[in-house]
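Undergrad: Here the protein sequences come in this chain order: A and B. So in this note's numbering, spot 175 of the first sequence is number 175, and the numbers just go up one at a time. Positions in the second sequence are counted from 1; adding 1000 to them yields this note's numbering.
No lab work stands behind these hints: they were computed from the structure. Please note that the accuracy of each hint is not assured.
To be verified - In silico contact screen, one side only, chain B against chain A (beta carbon under 10 Å); selected entries:
#, residue
1, K1035
2, R1036
3, V1039
4, S1139
5, R1141
6, P1292
7, K1294
8, Q1526
9, T1544
10, A1547
11, D1551
12, I1552
13, G1559
14, D1560
15, E1569
16, K1570
What the hints assert, rightly or not - No farther apart than 27 Å at their CA atoms in a straight line, the calculated lysine-lysine pairs in the DSS-like style are these:
#, chain 1, residue 1, chain 2, residue 2
17, A, K378, B, K1223
18, B, K1223, B, K1206
19, B, K1566, A, K209
20, A, K224, B, K1516
21, B, K1564, A, K209
Just so it is clear, CB atoms sit at the ideal spot from N, CA and C, and this is done for glycine as well.
The lines below spell out each chain.
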Amino acid sequence: MRAVEQIRAFGYNRCVNSEIALFVFIPFCKIKCTYCDFNAYANLARVMEPYADAVAQEISDCRLQIADLTAKSLYFGGGTPSLVPVAQIEKILRACESRFAFAPGIEITLEANPATADETKLRAYRALGINRLSIGVQSFDDATLRRLNRGHTVADAIEMFELARRAGFDNINLDFIFGLPLQTLADWRATLRRAIALAPEHLSLYALKVEEHTGLEHQIARGKYPKPDDDLAADMYELAEEMLDTAGYAQYEISNWTRSVGVGNWKLDVGRQSNIQLPTSNFQSRHNLTYWHNEPYLGFGAGAHSFFERARFWNVLSPVEYIEKITRGESAMADREEINRELEIAETMFLGLRLNEGIAFENFAQRFGEDARVRYAKEIEELKEMGLIEMSDARVWLTPRGRLLSNEVFWRFLP
Amino acid sequence: MDQSHIRNLCIIAHIDHGKSTLTDRLLEQTGTLAKRDMVEQVMDQMDLEREKGITIKAKAVRMSYRARDGIEYELNLIDTPGHVDFTYEVSRALAACEGAVLVVDATQGIEAQTLANLYLALEHNLTIVPVVNKIDLPSARPDEIAHEMENLLAVPNDQIIRASAKSGVGTADILEAIVARIPPPRADSTLPLRALIFDSKYDSYKGVVAYVRVVDGELPKNKKIKLMSSGLEIDALEVGAFRPKMVAGETLIAGEVGYVATGLKNVRDIQVGDTITHSENPATEPVPGFRPAKPMVFAGFYPTETNDYPLLRDALDKLKLNDASLTYDPETSAALGFGFRCGFLGLLHLEIVQERLEREYDLDLIATAPSVEYHVLKHTGEIITVDNPAEMPDGSEILEIEEPWMHIQVFTPKDYIGAAMDLVTTRRGTFDKMEYLDETRVMLGYVMPLSELIIDFYDQLKSRTRGYASLDYSFANYRASELVKLNVLVNEESVDALSMIVHKDYAYARGAALCKKLKEVIPQQQFPVPIQAAMGGRIVARETIRALRKDILAKCYGGDVTRKRKLLEKQKAGKKRMKRFGSVDIPQEAFMAILKLDENR
Ligand SMILES: Nc1nc2c(ncn2[C@@H]2O[C@H](COP(=O)(O)OP(=O)(O)OP(=O)(O)O)[C@@H](O)[C@H]2O)c(=O)[nH]1
Ligand SMILES: [Mg+2]
């Protein structure tokens, strides 16, 4: 359907392209980290196989009208996908392959935790077509890792990185968290230095949030650790921006950076050169870009989320319940939320603004048939005044301050 | 119904002594409500009542009871609230009754409102049916408590009924005592109609519904009636009784309690305390009404959405029908815009009114800190009353300020005399008298300024006496005090709605405590925000809220956008509940911070 026809049919333009992203959730972990509130369990190893069977079945049974859709990315997230035997990952991957057409050059990512996979396993992943590895390092400080109950050491993380390189992974992400209990600015600088020294293609840096009902929340309440200091976390974030910039990493999203390919110190600077075609670094996570572009994706597994045909829906959280439902031939869907035009616009704004390139007015107009500058004239004006966003003829994006205060920006775009 | 078979009564007690639970048992025993329709404290139907587990509104219900003498009696019962803020509800209920069941908790004994409410009942010449309740509890001391009642309340011991509203023990005896001891109404059906409006409410279908006690004559439906104060004539569209829901009937006869629906849409046309008569053959004299309740504390109510001002006025008009003690006058604040200065009987009353306005009328309100009413004598000889600190004239214009002082009575085990005394002294109170209730408990009398009573006094008293003390208070007189006004500046701008009046000796301590508290409750802004307290032109305290530098959502994992959006929605809703001053958002709690100052910290 052409854009104009779509606008006529739905009142607005639906989907910009017809490729989708696939997500598979693996809820198993060796141990539970103190800060984690994800749907992940340390004592469910016995159901790994039935779980993989169930996921494969959910994928094959997927009844959505998506015959003509192509998968541009597949992401195994967790939990700890690298904990699962290769055969189970393969089973799921094959199920995806037979249900969906894989686009040429499809990005297939697997999340791995240090000390959960040896070289053989990593080579096997590579052989399966997995071409991107995301390693949960979190910190390059052993004391911090112990405090978080990560169950691995700095040496384990470095070893996994090197094994992955040897196994042929040329697109590796490392995950880090800052603002951790007792972490100092100097600790964080040291962690960043070591990360840069490894020269991964991609870096994700997340600010710690103390979630409800986690071990960490309890420890803080008991006074074992001080309350997180937002000022310090802000300093850490700014330090990361500065160090990574100097090291030739380009930030493309609030928490994500890529090593610039071959261009040395090339910097993403959309502000002044807004009308040139943006070169996309090969290493940006295509899968995650789907979320930020608010494009459709399908999730499989316990608690997995999907966004498809103007609705968000998600599966039951409990892996055991998930397996039972799928085995009985039932849908595992827990709930569903229709996304009307107003919501979709709001979500497109606050997801898109996470990206350094921000929101392109032309894309917005094509998708929704109206001008974002008109709809959000008041908000844009106010946020510019506050120094949280900047704008050119073509797009609007967060300033460095705006990235740190992004919630202050985002809520203003809600209906 | 033969008038001699009517009994009008209310249940009175200290808070939580079991009035509503006993009402449940009476409703059950008389078959007014089937067991399956029962919930605990079934009369407490308002959401707020159920949430807080207390009665807020007095409520009437009619029961039919076949007594042991074989006669069927009509019992009109009013369950009343026990909290001191709602004493006015009790006094109006009393005007519709000939008798009162006085309930005393068998573990706690006589408390402050036991006495206060009993005295009210005696003022109305009501017959008292004394009950010791909760005898099922292991710590119950029914005999001791009965003895205490005999001593202090002068009720004959052999008339005190032992009961458990939980198990139902004693319910039958209470019903028999009601019939035997409480006299039927002395009312004359042949006289012209006189019906006293003791409460009312607004119903979107029936218009204003007046709750009445027919004093003389008869009130049938569909007959022209007249409000005696205004002469306004209306139709009695529907008359009936509470069972406990409104059930329409043909007529209300002399001595009965019930309701009349007027169809009136203008809620200001009817007033609690007014007398209804017939247009034809009207009565000449109204029933003596009620002494209007005098509000003690005042606070400004402002809609967070300026456009909601007319809605707020309408809501106050309607709520007033159901809460005759509420007063309100328009006022404006430089900081908050257009609103109302409302008068309340106490802090709980304030809180309840605010919550009812927000829930029942779907408004978002900012309430300013409560204040008392000051009498200010100016150098010019003029005397003005000030119930809003923002309106206190400049110190240079003032010769003298007087503030209300209260008699307070503290009932406490004698081990806590020292603790109570300490607290009262830090609040400028002075000792008046002490009486022993029994060997272990005392009643302490003090006088102290009302302004000190409303800032967290009751909670402090409770915590210093491990919850054992109870408190009653009544107005004493106005006294001159050395008072000063503290202005609060947020980000260098004076916020009138945050100013407060304090005794000059407390100005520094309270100013410092207030700044500290405000620092906790005002959220970080994107720039540092100084908070200052000033007396005259002098800054007496200062704090700075550090700038907000980080406000990021955690990892948006696996496409769970819904959760992230919900968090942002919450943030947006929070912002809407705040009021913007210059460029600083101030939340509701900030205005109440004054009440929660802990200077000792
Ligand atoms: N064990 C026991 N508990 C009782 C009895 N009567 C009441 N209660 C409990 O005491 C508490 C207060 O009872 P209510 O009936 O709400 O007291 P109230 O006097 O109506 O309270 P207010 O209307 O707020 O003044 C409730 O938790 C009741 O369940 C009794 O006879 N025995
Ligand atoms: Mg009650």
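Undergrad: Hint by hint, say whether it matches the structure.
TA: Each hint tested on the structure:
no. : hint               : in the structure
1   : K1035              : violated (38 Å)
2   : R1036              : violated (34 Å)
3   : V1039              : violated (31 Å)
4   : S1139              : violated (34 Å)
5   : R1141              : violated (41 Å)
6   : P1292              : violated (47 Å)
7   : K1294              : violated (45 Å)
8   : Q1526              : holds (6 Å)
9   : T1544              : violated (13 Å)
10  : A1547              : holds (9 Å)
11  : D1551              : holds (4 Å)
12  : I1552              : holds (5 Å)
13  : G1559              : holds (4 Å)
14  : D1560              : holds (5 Å)
15  : E1569              : holds (6 Å)
16  : K1570              : holds (9 Å)
17  : A:K378 to B:K1223  : violated (59 Å)
18  : B:K1223 to B:K1206 : holds (16 Å)
19  : B:K1566 to A:K209  : holds (16 Å)
20  : A:K224 to B:K1516  : holds (26 Å)
21  : B:K1564 to A:K209  : holds (13 Å)
In this structure, the earlier hints numbered 1, 2, 3, 4, 5, 6, 7, 9, 17 are contradicted, and the remaining ones agree with it.
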